[in-house]
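Q: The chain contents come next:
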Amino acid sequence: MPLKLLKCDQTIPEREKHCYVKAPGESINDFLPSSDISTIPGSLSERGCAFCGAKLVIGGALKDTIQLIHGPIGCAYNTWHTKRYTSDNDNFQLKYVWSTDMKEQHVIFGGEKKLKQSILEAFREFPKIKRMMIYTTCSTALIGDDIQAVARDVEAELGEVDIFCVECPGFAGVSQSKGHHVFNMAWMKEKVGEIEPVITSPYTINFIGDYNIQGDTLVLEKYFDKMGIQVIAHFSGNGTYDELRGMHRAKLNVVNCARSAGYISSELKKKYDIPRLDIDTYGFNYVAEGLRKLGTFFGIEDKAEKVIAEQVEKYKPKLEWYREKLKGKKVCIWTGGPRLWHWTKTLEDELGMEVVAMSSKFGHQEDFEKAISRGREGTIYIDDGNELEFFEILDEVKPDVIFTGPRVGELVKKLQIPYINGHGYHNGPYMGFEGAVNMAKDMYNAIYSPLWKLSKEDIREAL
Amino acid sequence: MSLVINQKERQGIINPIFNCQPCGGQYVAIGIKDCIALVHGGQGCCTFVRLMFAQHYKENFDIASSSLHEDAAVFGGTMRIEEGVLTLVKRYPDIRIIPIITTCSVETIGDDIEGSIVKINKILKKDYPDRKVILVPFHTPSYSGSQVSGYDVGVLSLVKELAKKSEPNGKLNIITGWVNPGDVSLIKRYLKEMDVKANILLDTESFDAPIMPDKSGFACGNTTIEDIADTANSIASIALCKYEGGSTAQYLEDEFKVPAIIGSMPIGIKNTDEFLKNISKLTGKKIPESLVRERGRALDSMADLGHMFFADKKVAIYGDPDLVIGLAQFCLEAQLQPVLLLLGDDNKTYPKDPRFKEIEENSNCEIEVICKADLWELERRIKDKSLDIDLILGHSKGRYIAIDNKIPMVRVGFPTFDRAGLYKYPVIGYKGAEWLAETIANTIFADMEAKKDREWILNVW
Numbered sequence: 001m002p003l004k005l006l007k008c009d010q011t012i013p014e015r016e017k018h019c020y021v022k023a024p025g026e027s028i029n030d031f032l033p034s035s036d037i038s039t040i041p042g043s044l045s046e047r048g049c050a051f052c053g054a055k056l057v058i059g060g061a062l063k064d065t066i067q068l069i070h071g072p073i074g075c076a077y078n079t080w081h082t083k084r085y086t087s088d089n090d091n092f093q094l095k096y097v098w099s100t101d102m103k104e105q106h107v108i109f110g111g112e113k114k115l116k117q118s119i120l121e122a123f124r125e126f127p128k129i130k131r132m133m134i135y136t137t138c139s140t141a142l143i144g145d146d147i148q149a150v151a152r153d154v155e156a157e158l159g160e161v162d163i164f165c166v167e168c169p170g171f172a173g174v175s176q177s178k179g180h181h182v183f184n185m186a187w188m189k190e191k192v193g194e195i196e197p198v199i200t201s202p203y204t205i206n207f208i209g210d211y212n213i214q215g216d217t218l219v220l221e222k223y224f225d226k227m228g229i230q231v232i233a234h235f236s237g238n239g240t241y242d243e244l245r246g247m248h249r250a251k252l253n254v255v256n257c258a259r260s261a262g263y264i265s266s267e268l269k270k271k272y273d274i275p276r277l278d279i280d281t282y283g284f285n286y287v288a289e290g291l292r293k294l295g296t297f298f299g300i301e302d303k304a305e306k307v308i309a310e311q312v313e314k315y316k317p318k319l320e321w322y323r324e325k326l327k328g329k330k331v332c333i334w335t336g337g338p339r340l341w342h343w344t345k346t347l348e349d350e351l352g353m354e355v356v357a358m359s360s361k362f363g364h365q366e367d368f369e370k371a372i373s374r375g376r377e378g379t380i381y382i383d384d385g386n387e388l389e390f391f392e393i394l395d396e397v398k399p400d401v402i403f404t405g406p407r408v409g410e411l412v413k414k415l416q417i418p419y420i421n422g423h424g425y426h427n428g429p430y431m432g433f434e435g436a437v438n439m440a441k442d443m444y445n446a447i448y449s450p451l452w453k454l455s456k457e458d459i460r461e462a463l
Numbered sequence: 001m002s003l004v005i006n007q008k009e010r011q012g013i014i015n016p017i018f019n020c021q022p023c024g025g026q027y028v029a030i031g032i033k034d035c036i037a038l039v040h041g042g043q044g045c046c047t048f049v050r051l052m053f054a055q056h057y058k059e060n061f062d063i064a065s066s067s068l069h070e071d072a073a074v075f076g077g078t079m080r081i082e083e084g085v086l087t088l089v090k091r092y093p094d095i096r097i098i099p100i101i102t103t104c105s106v107e108t109i110g111d112d113i114e115g116s117i118v119k120i121n122k123i124l125k126k127d128y129p130d131r132k133v134i135l136v137p138f139h140t141p142s143y144s145g146s147q148v149s150g151y152d153v154g155v156l157s158l159v160k161e162l163a164k165k166s167e168p169n170g171k172l173n174i175i176t177g178w179v180n181p182g183d184v185s186l187i188k189r190y191l192k193e194m195d196v197k198a199n200i201l202l203d204t205e206s207f208d209a210p211i212m213p214d215k216s217g218f219a220c221g222n223t224t225i226e227d228i229a230d231t232a233n234s235i236a237s238i239a240l241c242k243y244e245g246g247s248t249a250q251y252l253e254d255e256f257k258v259p260a261i262i263g264s265m266p267i268g269i270k271n272t273d274e275f276l277k278n279i280s281k282l283t284g285k286k287i288p289e290s291l292v293r294e295r296g297r298a299l300d301s302m303a304d305l306g307h308m309f310f311a312d313k314k315v316a317i318y319g320d321p322d323l324v325i326g327l328a329q330f331c332l333e334a335q336l337q338p339v340l341l342l343l344g345d346d347n348k349t350y351p352k353d354p355r356f357k358e359i360e361e362n363s364n365c366e367i368e369v370i371c372k373a374d375l376w377e378l379e380r381r382i383k384d385k386s387l388d389i390d391l392i393l394g395h396s397k398g399r400y401i402a403i404d405n406k407i408p409m410v411r412v413g414f415p416t417f418d419r420a421g422l423y424k425y426p427v428i429g430y431k432g433a434e435w436l437a438e439t440i441a442n443t444i445f446a447d448m449e450a451k452k453d454r455e456w457i458l459n460v461w
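Quick mapping for you: the protein sequence lines, in order, are chains A and B. Quick note on numbering: the numbering used here labels position 439 of the first sequence as 439, and the sequence is numbered without any gaps. Quick note on numbering: the numbering used here labels position 124 of the second sequence as 124, and the sequence is numbered without any gaps.
What the hints contain is simulated information worked out from the structure, not anything from laboratory work. Where is the CB? At the ideal position from N, CA and C, for every residue including glycine. Check each hint, because a few of them may be wrong.
[Stated by the list, open to error] So, partial list: chain B residues that the calculated Cβ filter (under 8 Å) puts toward chain A:
#1 Lys270
#2 Ile367
#3 Asn459
[What the hints assert, rightly or not] Covered stretches of chain B (in silico footprint by chain A; criterion: 3 or more residues with CB under 8 Å from a CB of chain A, positions within the stretch not fixed):
#4 36-49
#5 58-72
#6 207-213
#7 323-333
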């Protein structure tokens, strides 16, 4: 079956080109869903904005940096207390958010003075913090405030601080994705190469496109440590501002989220000739494969094998136990994009599950190429899915569990379907060997909750 | 004792108390039945707010975005409104009303919302002659006010659009302000016990939605277009919150001669007494013994706790202005000392609120009120030891101040996502006073145990 027009989309038939059902013998090149294009207004799309992609997703994960949002208060309020990226310095990045609190007079007469004042105040109130990122938002971009000029002015005045500026109004691009791109390119252009890191190992990498959700980064770092590999920079989970300025000194870029951070990896390759190694950090087979590739690259295969053997011995029996319980269960993955292709095959190969529908908020063509080539036949692949489509798909594929965000999770709960937080996880981390077990455990507990059976019963029915 | 009103001195904000105006508009919209708002602006303005409602209620609420992209930001976005409305109308056959909520971007570029509505209405009339879908503009630029004023704008815009004088209905208008489903349930019960009928704006009781055997239990608002239209015909309006719905009560008085009683929010015993007496005065219905008993039970609970555990304890309160003021009044009744009140937006009329004078007269402590406040004002005072407090009352976004400084905190207001089920319990009314007192006590008790601070005292009190 080629592209599919869902019943709820009869009145917006342009949605047909965003929905594909994989059939045997087809070339995905003929039916690749359209992606990364304009959203249909009023469709209850799941998409967010470019500012989100820059601040909330990437910059905000840094543990030592003031995140100053130049705009009215909502953009700051909304990107605070919503993420689960932890850090080893007591989660500074989760506790604070900064706003210039733009008011009408600043929209009319310009916000640069208020921006400067807010920067000075922020550094004054947090005297130990010397790094800052400034983001524009819709209104401050429209009025054309020159945030770079203000930042350079403050740097000259204060001396020891460093400030990075991101122009990422919410209307830029069509989704969060544009914010990733702008952040990547600007960081590469302005900040990489500014600091020379201390090299402590012959094997050095940047670990790119991992945001330490519930401690993912720390799990992988444990493996790298055991292999004697030094991580110059984490982009950006549990990372620091200054380590990202030394990215040019790594011998290898190891990339997990190719969507949000493939850009900087490719730029580092272009400018500094650092090879890019794309790996999957979810699932036993993928993680083992990734570590093996790393071992091969540095000629430390034995160390890789040792880590893999240790981890497999420790966690494999647990995974096998869950496999018995989960095989044959049907799964939907409705997240940003990359987790579709990270997860579909690993759930299938290692747990015997079937991923029956996938929806990506902001994935590009290459994400669909990966997801469809790894995914099952008969599975529905959707770009920029919306709420009515979700209902219709559930009706059709009848999943046992859904990986998605908490709001959609609450919605499908009413349909007596459990969810797992596919963004911030339930009980993570989900990366690495132990993470794969955590993920399986959460799915098992979700699917086997006694509540689903109880919720189907109508107590009025005849005894 | 004294009460001083100051302003935050910093220009910028660190850890905001409030979200922006469009959030308040969206909160109003989800309280209406057969309504999906169209938020005209970037996608985050809608998606983030939907997440925030999910954080507080653990429910989904439908809100749409016009998905403003770069071309529209440069050349105007009214086409996006038109397309957005038509998409909603086409795909949601039951939809009856679409508030069009503006954001900072579209207020800045100056999209003509009213002009778009005229144009879309013509299209709707032609293409859907059998359907009536009402479009209502909510002008909520985020660079003014806050979620509080956005809520006020939303309710007022709906009433201005819909209220129509016809036959007197013998009802009261109850304009709730931004309260929880538990508060709405309590209001409905009190009205029922007093045998009074009302138009409730907004009836959010149904936000606490069940999982039903037939899978039908979705969360949505319960106030209908007819309820709102009927507000022009009521005996009187009571706005529980001056700053969230007060302007609507005033409008109904000015426009339709429906007398208005605006705030105090019925938090604590005395404010609830006044609320019930007002209902009684306006309708001629008696306050039943059941409510005298409920009042007595609340007093009974508070009397066990007040002079034993609460007296001389210092409290900081932040959140919606009516809530903060009401909680301060409650604290004084319960012998707690509300020493610091933080109001998180730029409303210039706060210092003139007569309730502050009243609080000052009733207090036995020095009280500081900070306007335009943020949560850093609270945290900084605690960290530099200029403020010593025993309890924080506020929403969950202030949680780390309490956690890191080991101060017991009771979650009230919006959002309260880091404790389970709080939206189900009232803070208003006698029952709410009882809940507040007991929750505060239990929170202090748990803290005494955790810190081994006279935990042995909790045996015979």
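Q: Each hint needs a verdict: does it hold in this structure or not?
A: Tested hints:
no.	hint	result
1	Lys270	violated, 33 Å
2	Ile367	violated, 24 Å
3	Asn459	violated, 36 Å
4	36-49	holds (count 10)
5	58-72	holds (count 13)
6	207-213	holds (count 4)
7	323-333	violated (count 0)
The earlier numbered hints that this structure contradicts are 1, 2, 3, 7.
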